[in-house]
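S.K.: Sequence:
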Amino acid sequence: MTATSAAFKDTNFPEVKKPGIPPTGMTQETYFRRYRDREDGFKYELVNGLVEKTPRTMTPAQSFILNNLMRRFTLTQAYAEGANLFVEIEMNTKPGQIRKPDICYRSAEQIASGDFSVSEFVVEVVSPNDKIQKV
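Using my numbering, the first residue of the sequence shown is number 461, and each one after it goes up by one.
What the hints contain is simulated information worked out from the structure, not anything from laboratory work. As the structure is a computational prediction, the values presented were derived from the model and not from experiment. Where hints are given, some of them may not hold.
No farther apart than 25 Å at their CA atoms in a straight line, the calculated lysine-lysine pairs in the DSS-like style are these [as the list claims (entries may be wrong)]:
hint: 1; residue 1: Lys-513; residue 2: Lys-554
hint: 2; residue 1: Lys-503; residue 2: Lys-554
hint: 3; residue 1: Lys-503; residue 2: Lys-560
hint: 4; residue 1: Lys-503; residue 2: Lys-513
hint: 5; residue 1: Lys-560; residue 2: Lys-513
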């Protein structure tokens, strides 16, 4: 049993499936309704219809990397034209999958139109706890 499935043992969520099994389980609509506004110290992502729950913790080294990238971005032409970097916002990467990358880039056009579906550029700071499937 994985840490994710153990965390949801008392719920009716499906168990994590092996790669190659078609996506099943929770819909994006249900995910948004249950998890979008939670502020309990965890990060929830929908992966192939299954909810992944991980601690929302950042090491000092990860924080340094993210802050350095964001600070340098403010010096770019894209930033001057209205683009921005966002931290851990929901991104629909494919049907049944919603990820929250550490940083994502949104152009001025995406921001103005409210199009937050997919970013042109994302940054995921890898930690020792990350698995190759996530990255």
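S.K.: Could you run down the list of hints and mark each one as holding or not?
M.R.: Now for the hints, and whether the structure bears them out:
1. For a cut-off of 25 Å, the pair hint linking Lys-513 to Lys-554 stands: about 19 Å separates their Cα positions.
2. For the suggested pair Lys-503 and Lys-554, the alpha carbons sit about 19 Å apart, so the restraint of at most 25 Å is met.
3. In summary, the hint linking Lys-503 to Lys-560 is supported, as the alpha carbons are separated by about 8 Å, within the 25 Å threshold.
4. At most 25 Å may separate the alpha-carbon atoms for a hinted pair to count; Lys-503 and Lys-513 meet this at roughly 6 Å.
5. Among the hinted pairs, Lys-560 with Lys-513 is consistent with the structure: their alpha-carbon atoms are about 12 Å apart, no more than 25 Å.
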